[in-house]
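Student: Heads up: the protein sequence lines correspond to chains X and H, in order.
Heads up, the first sequence is in full-length UniProt numbering, so the first residue is 1 and it goes up one at a time.
Heads up, the second sequence is in full-length UniProt numbering, so the first residue is 1 and it goes up one at a time.
Simulated from the structure, these hints should not be mistaken for lab results.
Misleading hints may appear alongside valid ones.
As the list claims (entries may be wrong) - With a straight-line cut-off of 20 Å between C-alpha atoms, the simulated PhoX-like cross-links for lysine-lysine are: (1) X/Lys236 <-> X/Lys262; (2) H/Lys145 <-> H/Lys185; (3) H/Lys143 <-> H/Lys173; (4) H/Lys3 <-> X/Lys317; (5) X/Lys198 <-> X/Lys114; (6) H/Lys293 <-> X/Lys274; (7) H/Lys293 <-> X/Lys322; (8) H/Lys3 <-> H/Lys183.
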Amino acid sequence: MDINAAGIIFSNMHDEEMHEITNCRTMGALPFGGRYRLVDFALSNMRNSGLTSVGIVAKSNYQSLLEHLGSGKEWDLSRKRDGLFIFPPFSRLASGIYKNKIEALHGILSYIKKSKYDYILITDCDVICNLDWKAPLSYHISKKADVTVIYFKKQPGNEKRSETVYTISKDGFVSDILIKQKVEEPCFIGTNMWIMEKNTLINMINDAVAHNLEDIERDIFQKRLNQFKIAAWEYKGYINKINSILDYYQANIDLLSPKVRKELFYKNAPIYTKVLDVVPAKYADTATVSNSLISDGCIIEGQVENSILFRGVHIGKGSAIKNSIIMKDSKTGNNVKLDYVIADKEVIFRDERIMVGCDTRPIYIGKGSTL
Amino acid sequence: MQKECIAMLLAGGEGSRLGNLTKDRAKPAVPFGGKYRIIDFPLSNCVNSRIDTVGVLTQYQPLELNDYIGNGQPWDLDRNDGGVHILPPYQKRETSDWYKGTANAIKQNIPFIRQYNPTYLLILSGDHIYKMDYSKMLEYHKKKKADCTIAVINVPLSEASRFGILNTDEDGKIYEFEEKPQKPKSTNASMGIYVFTFDKLLTYLGCEGEDTNSANDFGKHIIPRMLSKGETIYAYSFEGYWKDVGTIESLWESNMDLIHLDSNILYTNTDWKIYARSPILPPHYISPTASVKNCIVSEGCYIEGTLEDCVIFHGVTVEENTLITNSILFPGSHIKKGSCIHYAVIDENTAIAENSFIGSSANKTVLPSKNLVVISKDNYMEQSKYSMENFIIEAAEAK
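This is chain X alone, in the form it adopts within the complex:
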């Protein structure tokens, strides 16, 4: 069933914090989980929630994103009515690329105005979850809020930096916002997923541009908490926000847990991605694989443990890959040893190479390197 909302996805957040890995691509095109790109999660969630109109805002290095999305067919968003809209960067205010979300939204104001839906759903693409937007949308309507923000409860344990932390009143509204916090104790963390009525959003953008405001969270939500009714809706399933290479590594390794995979891939609806038509994975009689996710097109002759192999990876004889993430079409020769390594696409490890990182600092190897 279609729902009364259009979606906007920002494909470019947190590029600075993980520049090595996003040098050649925008955050949305970051490979994840063996066969996906980060944008697949935001896009599939919207499509599975019944949205038929989704705009993706691109900023820089978006060629791989365009290549990945194509016409939007894989997400069933190649439509005569509505469908997938990709907005390459342009700014009507200043010269050059837009600087922040307000400018970006101002740039696509005509898309928002033309939308025939009453509500707009906004998200970044660095949040990995399987969310049905119908629930927060009906919550938003029932609360008669100006904005609804989606948050999750941070459990004690792994520490995160630069998160937005909400204080939430008993009646379900946000009463305080702290930005870029290092979080340690249980708290409510914002996901950068927002729901607004179309007209509220248009007024908000126009007003923000007129007042030369720069940041939606800081200059609008935080400073105008008294004027804005910000409702908060809790997402209770598996969720992971990626702000750094270590976050990225951890989120990948999380997928080795059957519980996480169940929540992410099998619970609400499937996560769609570009189909590549590669052959099934081939295990040689010398293969030993344990606790790993293996994609189509891999050829495994060696040992793989606690790792994720993307499509078309070849592990040579006598090689041992542990705790590593090996992206598409990378190859190892014979007797290669890797431990805590993130190898980007098309990396070649020659025979006998040994690389060892550690759990708090995995080694990253750039796209197309030969070692």
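Once you've looked at the hints, dock chain H against the given chain X.
Tutor: Same frame as chain X, but now just chain H:
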């Protein structure tokens, strides 16, 4: 718009030699090679050979096949001009005609073919596993100014009597065609792939007032009649992997060929991609208790047991303490704890109860393929009425 060549894919075979596997599906829709269906091979060959118009002739149990082909998008055959068309037999004003044979099926679809007014017609069958560039065969046909060209493959002399055998002169011109001869004169077996000059074919299909009942089959009627009238028929020899997967044994053998890298057509010549309608599933997971050797495994599987020499399709679950060897697990099958499976084909979405024993690993003196056990959905239904436990099926004695 006129097309130089269009393909007609005969996908209507009953596939009775595949037993229960084709009870609810046409033979070309039988799963193959971890993520494919048999029909993916000729369809992908067409697309890779730049033939963009394919008529798929269906007849028996077409539902699963129709559903699978859909609008042809996975093969890039969702075209405005051409693309893939499903052509079932249909009721006419005076008669309703079930396809009586290969040539008869083509004859009944002449109106479809005429829409594209092709100069050449490529006839394919939907039950072979191979990678072939049809455009080269078409070039050969044009160069030889032939009326018909038949693709042939060299088979061992011992097997030649199973095939239609083409006897040619040195130039490749066919002077004799023998259907399943007792004493074959050559080892050039017909692959069931024909290129016809369309105008010529029309005269032999009996469209122009001839006796219509006798020209139903290419191998039995059309080719011999063309030869007897002195038409130019050439053999185009094909080298490479080719397998007729019309029987359970050959289907199993052809799947097993995939697990050896050197005889594996999927992993060699990877530029010639085989396309398939892909399921939406994450990569497969191999647990710490699992051991997987000499297998191919597809997406979305969850493996906790021991697998040796197997072909595992997408979405298969194999629980702990299981041993599966020399078997094919079709999509979505589920092998529960403690089961042991040897030389078996497990059909789609079939669950095997805990502690079951299937197949036979003992008798090594006969060909393993003769010991094959096929577990279809029906088997499971019957058994589950009684008990979920100890579901035991042993292979029939080798004949």
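Student: Run every hint past the structure and note whether it holds.
Tutor: Structure-based check of all given hints:
no., hint, verdict
1, X/Lys236 <-> X/Lys262, "holds (14 Å)"
2, H/Lys145 <-> H/Lys185, "violated (26 Å)"
3, H/Lys143 <-> H/Lys173, "holds (13 Å)"
4, H/Lys3 <-> X/Lys317, "violated (50 Å)"
5, X/Lys198 <-> X/Lys114, "holds (10 Å)"
6, H/Lys293 <-> X/Lys274, "violated (29 Å)"
7, H/Lys293 <-> X/Lys322, "holds (19 Å)"
8, H/Lys3 <-> H/Lys183, "violated (41 Å)"
The earlier numbered hints that this structure contradicts are 2, 4, 6 and 8.
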